[in-house]
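In the order they appear, the protein sequences are chains A and B.
Here my numbering is used: the first residue of the first sequence is 1, the next is one more, and so on.
Here my numbering is used: the first residue of the second sequence is 1, the next is one more, and so on.
Some clues are possibly wrong.
Note that identical chains are pooled: a pair holds if it fits in a single copy or bridges any two copies.
Stated by the list, open to error - Straight-line alpha carbon distances no greater than 30 Å define the calculated DSSO-like cross-link-like pairs of lysine-lysine that follow:
(1) 552 - 308
(2) 134 - 45
(3) 498 - 189
(4) 334 - 467
(5) 189 - 134
(6) 552 - 116
(7) 478 - 45
(8) 552 - 502
(9) 308 - 478
(10) 312 - 109
What the hints contain is simulated information worked out from the structure, not anything from laboratory work.
Number of protein chains: 2
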Amino acid sequence: MIQNQKVIIQVMSLFEKHEELINRAISANKERTFYAAFPEHPSPKIYGETADKDGQVAFKKHLNSKFDELLQTGEQGWIGSEESPYLGSALGTTYPSFSVNQLTENGDKAFHAWRKVSPAERAGILTESLMRVKERFFELAYSTMHTTGQGYMMAFQASGPHACDRALEAISMGYEELTRVPEKVVWDKPMGKFNVVLDKEWVAVPKGVSLAIGCSTFPTWNTVPGVYASLITGNPVIVKPHPGAILPIALVVAELQNVLKEQNIDVNVCQLAADTHDNQITKELAEHTNVKMIDFTGNSVFGSYLEKLDGKTVFTEKTGVNSIILDSCDNLDKALGNIAFSVALYSGQMCTAPQNFFIPESGVKTPDGVVSFDDVVAKFNEQITGLVNNPKAGPFVLGAIQNPLTKERTQEASKLGETVLEPGVIENPMFGDARICTPTVLTTDSKNIDSFSEELFGPIAMMIKTKDTDESIQLASKLASEYGAISCGAYTTDANTKEKIKDAMSLSYTPVSFNLTGAIYVNQNAAFSDFHVTGGNPAGNASFTNSEYVSKRFVWVGFREPSKG
Amino acid sequence: MIQNQKVIIQVMSLFEKHEELINRAISANKERTFYAAFPEHPSPKIYGETADKDGQVAFKKHLNSKFDELLQTGEQGWIGSEESPYLGSALGTTYPSFSVNQLTENGDKAFHAWRKVSPAERAGILTESLMRVKERFFELAYSTMHTTGQGYMMAFQASGPHACDRALEAISMGYEELTRVPEKVVWDKPMGKFNVVLDKEWVAVPKGVSLAIGCSTFPTWNTVPGVYASLITGNPVIVKPHPGAILPIALVVAELQNVLKEQNIDVNVCQLAADTHDNQITKELAEHTNVKMIDFTGNSVFGSYLEKLDGKTVFTEKTGVNSIILDSCDNLDKALGNIAFSVALYSGQMCTAPQNFFIPESGVKTPDGVVSFDDVVAKFNEQITGLVNNPKAGPFVLGAIQNPLTKERTQEASKLGETVLEPGVIENPMFGDARICTPTVLTTDSKNIDSFSEELFGPIAMMIKTKDTDESIQLASKLASEYGAISCGAYTTDANTKEKIKDAMSLSYTPVSFNLTGAIYVNQNAAFSDFHVTGGNPAGNASFTNSEYVSKRFVWVGFREPSKG
Numbered sequence: 001m002i003q004n005q006k007v008i009i010q011v012m013s014l015f016e017k018h019e020e021l022i023n024r025a026i027s028a029n030k031e032r033t034f035y036a037a038f039p040e041h042p043s044p045k046i047y048g049e050t051a052d053k054d055g056q057v058a059f060k061k062h063l064n065s066k067f068d069e070l071l072q073t074g075e076q077g078w079i080g081s082e083e084s085p086y087l088g089s090a091l092g093t094t095y096p097s098f099s100v101n102q103l104t105e106n107g108d109k110a111f112h113a114w115r116k117v118s119p120a121e122r123a124g125i126l127t128e129s130l131m132r133v134k135e136r137f138f139e140l141a142y143s144t145m146h147t148t149g150q151g152y153m154m155a156f157q158a159s160g161p162h163a164c165d166r167a168l169e170a171i172s173m174g175y176e177e178l179t180r181v182p183e184k185v186v187w188d189k190p191m192g193k194f195n196v197v198l199d200k201e202w203v204a205v206p207k208g209v210s211l212a213i214g215c216s217t218f219p220t221w222n223t224v225p226g227v228y229a230s231l232i233t234g235n236p237v238i239v240k241p242h243p244g245a246i247l248p249i250a251l252v253v254a255e256l257q258n259v260l261k262e263q264n265i266d267v268n269v270c271q272l273a274a275d276t277h278d279n280q281i282t283k284e285l286a287e288h289t290n291v292k293m294i295d296f297t298g299n300s301v302f303g304s305y306l307e308k309l310d311g312k313t314v315f316t317e318k319t320g321v322n323s324i325i326l327d328s329c330d331n332l333d334k335a336l337g338n339i340a341f342s343v344a345l346y347s348g349q350m351c352t353a354p355q356n357f358f359i360p361e362s363g364v365k366t367p368d369g370v371v372s373f374d375d376v377v378a379k380f381n382e383q384i385t386g387l388v389n390n391p392k393a394g395p396f397v398l399g400a401i402q403n404p405l406t407k408e409r410t411q412e413a414s415k416l417g418e419t420v421l422e423p424g425v426i427e428n429p430m431f432g433d434a435r436i437c438t439p440t441v442l443t444t445d446s447k448n449i450d451s452f453s454e455e456l457f458g459p460i461a462m463m464i465k466t467k468d469t470d471e472s473i474q475l476a477s478k479l480a481s482e483y484g485a486i487s488c489g490a491y492t493t494d495a496n497t498k499e500k501i502k503d504a505m506s507l508s509y510t511p512v513s514f515n516l517t518g519a520i521y522v523n524q525n526a527a528f529s530d531f532h533v534t535g536g537n538p539a540g541n542a543s544f545t546n547s548e549y550v551s552k553r554f555v556w557v558g559f560r561e562p563s564k565g
Numbered sequence: 001m002i003q004n005q006k007v008i009i010q011v012m013s014l015f016e017k018h019e020e021l022i023n024r025a026i027s028a029n030k031e032r033t034f035y036a037a038f039p040e041h042p043s044p045k046i047y048g049e050t051a052d053k054d055g056q057v058a059f060k061k062h063l064n065s066k067f068d069e070l071l072q073t074g075e076q077g078w079i080g081s082e083e084s085p086y087l088g089s090a091l092g093t094t095y096p097s098f099s100v101n102q103l104t105e106n107g108d109k110a111f112h113a114w115r116k117v118s119p120a121e122r123a124g125i126l127t128e129s130l131m132r133v134k135e136r137f138f139e140l141a142y143s144t145m146h147t148t149g150q151g152y153m154m155a156f157q158a159s160g161p162h163a164c165d166r167a168l169e170a171i172s173m174g175y176e177e178l179t180r181v182p183e184k185v186v187w188d189k190p191m192g193k194f195n196v197v198l199d200k201e202w203v204a205v206p207k208g209v210s211l212a213i214g215c216s217t218f219p220t221w222n223t224v225p226g227v228y229a230s231l232i233t234g235n236p237v238i239v240k241p242h243p244g245a246i247l248p249i250a251l252v253v254a255e256l257q258n259v260l261k262e263q264n265i266d267v268n269v270c271q272l273a274a275d276t277h278d279n280q281i282t283k284e285l286a287e288h289t290n291v292k293m294i295d296f297t298g299n300s301v302f303g304s305y306l307e308k309l310d311g312k313t314v315f316t317e318k319t320g321v322n323s324i325i326l327d328s329c330d331n332l333d334k335a336l337g338n339i340a341f342s343v344a345l346y347s348g349q350m351c352t353a354p355q356n357f358f359i360p361e362s363g364v365k366t367p368d369g370v371v372s373f374d375d376v377v378a379k380f381n382e383q384i385t386g387l388v389n390n391p392k393a394g395p396f397v398l399g400a401i402q403n404p405l406t407k408e409r410t411q412e413a414s415k416l417g418e419t420v421l422e423p424g425v426i427e428n429p430m431f432g433d434a435r436i437c438t439p440t441v442l443t444t445d446s447k448n449i450d451s452f453s454e455e456l457f458g459p460i461a462m463m464i465k466t467k468d469t470d471e472s473i474q475l476a477s478k479l480a481s482e483y484g485a486i487s488c489g490a491y492t493t494d495a496n497t498k499e500k501i502k503d504a505m506s507l508s509y510t511p512v513s514f515n516l517t518g519a520i521y522v523n524q525n526a527a528f529s530d531f532h533v534t535g536g537n538p539a540g541n542a543s544f545t546n547s548e549y550v551s552k553r554f555v556w557v558g559f560r561e562p563s564k565g
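Could you build the full structure based on these sequences and the hints that come with them?
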């Protein structure tokens, strides 16, 4: 009993410690203008003079060794099959392995501990875990580079501050939803000659063990929103990373477990469930009766299978076909430079990367006259070539290719249209064995819709000649409705055309970035402002982070009783 | 153009007219203490000296005539098969009939008009429609009596003020969710030497044509939440009433169409889709590709079929098995009087009516000593008998039986246990031909779980002897988890037992009313305070009215563009 009291006091102080930050995040979620709780620049002034070097050293210690930081126990062995797309060799890191029964039983037991921790206490614990992760942003960056192939800057930002911002967004949205209904009220109903007076109370009862299935390209950014959304709403989580990208999220799980342990809470509230390419446990976990919720990022076939599982609440981000509509612009070179960067960034291995570029056969209107389809394509190729061949930019923007299949797909894309820019290889000055593939550009006609209606994951740009902008809009909207889309870019200087695009894309539930130039790209979705995936088209059924993303994870249950007076 | 401006001015004035009420409803939703926008007492002082008589006259005009108030056009014929459970004869009211293609095409066309009406304008229009319905509460009451068999008081309250309160609750919850994200912001991100500044805006894009499928017992109360939730979020609605209870909701649809017409908005934003017992169009409507959302109240088989339809957002209230746990109480007679009323009310034809009464074999603890199982049952029978045989209460509390099958089920319940109170018939002084069935009471043992694990819709009370209260709790929770439950009542004076009940029932996502006596019943769920159905057990996947109930009906879509300056 004294033990319990001690726990509560400790936990409450974590909430108090982070209360200001949590409230700021709740406000940011409402305001939706710029907010970042975790600075995105890997500056020594912010993170410390030795942070980068220390992070690199820490990362290297994981190579060819057991990842022994997890506090979950009872492992059946040590496994791991990660490979570095930069080094072309195995990391050699191994993780404890557990049976599906162990994981789900542990999760079920932890459920009954975690559900009784108050929302405020949970918010404090979870925010504290992000603060611990912040201390390891550079280690996380190198771990991300060498599993996903991301360039250094993206690996730092996406896996570190941007992921933590999205996690904090989920915490704050969850905390807001959980405190939206009062804990207790007196319900006083006048009945004429007397009043009926009831004490009423409400509890947000969590749904149960949650499974978070990670992807190989964004192992923390795409995983933490679901993990933290389930945790803040009282559900334990089993984190099942992609077998190719375990280390980044393992660091996060380890820090979560550290904070849980310190608070005397069952560390199995968040378990890591590592597996290998040859022996994946995802389906067995997903179908287990104890698993009540699933978060998934990955391919549409598996995502759709998960969505149809009986009696589970499932949140998916699947594949999509993202379009750029080119109608008219103030500065064509700047526009094409911006979208060329979007295609090259991380070699197009982003769910938000553009794939289909719709250009009217009459060309693109500019202040200097109409630029023909062929000239637009030629200028685009110049932008791509200039970027990838710039030794100060190319290798760092492209990064490396995570999955050999992505490189194959890019190399074989030539069958889909007329190749106007061949995929190639550039040298990475730091990693001679890096798996590299520069973007390929193809042209085709709008009538060949079969060649561009599926996601071509990787650095593949399809320049599609349309009858006119109306056809461009119609195709972008149709593909989004039928095959899904996570982003859309449009360039137009005409107000009516802009309205037409907004209306058509809103009906296919796809966000649109208009006229982007400079240092902001259609690929980027900012926490606290941009919803990531709308949930309204086949690219996924969930959205980071709308209210549903947290409210579907718990159930309001009311109790009432006549007031004692 | 001038025409359009005029429309907007008119519509905005409806929002302004009702803004205070809408804001009050939003606050009430948050506060969750007592609030009623529509007075529940059919008092002449509130509703006018002649309101009751006028309503009765208005109802009678519908008998044996065409219901010609709807503004939707193009009917293919006139149909109707309603019968009065009080009169034992057909109402003879007919409604225009439309093909499924007509209805869905009309709906799709109306979608593009309605989605462009602002949330505030929609809120004004919808609230105004409720004010028009209020003028017809008595006509609605008689229409409800003679379709559902409800007693006069329930018919007035449930179909009139209580239904309108729940509709207003849905409007206010929807309006709150729709205005939760700002329409526009300037996103200003410091990048070190410069800032990236974007104009961002968000639109709540509705999902499309919605289908509201009504039930025969609560034709407005159970239907309007879904209808108004879909409408406030921009979706047109096709209202498909139960063929046995069309008239009450037809009045509501007519008033909605009146307000839409006055505002020059397509009246097909809300269409009535009447059908007959012999020729039901529900499945064809539900499966139609244009139908994107479905609200349903009814049996579990059909509800589960709807939930599994591909690509639809479905909200269900299905069947459940509601329990009363009897452990100990301060005043057993008052407790049994309360639950006897709950069983007799509308002859148990409520989704919230209790069915299973768990009583320990050792009896129920009271201040006067332990009362044995048999004595509790005997006292309960006395309460039932006293109530139904009281000529001033019985006929009005029981009402009439809507569906002959309900009467048959009650009469055949004797095979499920030992009958300790036979179902019977009492006389209704006003309606000699009323279909009446008084409650039957059976006893059984907890081991005969098969006999009480399914919903026995109607006035059937199973008194179940358990080993102890722990077994009572375990059974109530298990049945709720496996077969669903919408309500639970418990009587205990022991704090630990109460906590145990709360914990067990929260894990089966079932609300609990403790120790009710006097003029408040486990059957009642009040708008703005009690969630109706939790959505967490097999009794249904939706809840009146949590945030999900409205947020699942639209999708946030964002647009962004570099700021011009």
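Now the hints, each set against the structure:
| no. | hint | in the structure |
| --- | --- | --- |
| 1 | 552 - 308 | both (16 Å within a copy, 18 Å between copies) |
| 2 | 134 - 45 | within (14 Å within a copy, 66 Å between copies) |
| 3 | 498 - 189 | between (53 Å within a copy, 24 Å between copies) |
| 4 | 334 - 467 | within (24 Å within a copy, 79 Å between copies) |
| 5 | 189 - 134 | between (51 Å within a copy, 21 Å between copies) |
| 6 | 552 - 116 | both (18 Å within a copy, 28 Å between copies) |
| 7 | 478 - 45 | neither (48 Å within a copy, 58 Å between copies) |
| 8 | 552 - 502 | both (29 Å within a copy, 21 Å between copies) |
| 9 | 308 - 478 | both (24 Å within a copy, 25 Å between copies) |
| 10 | 312 - 109 | within (19 Å within a copy, 35 Å between copies) |
The structure is inconsistent with hint 7 alone, although it conforms to all the rest.
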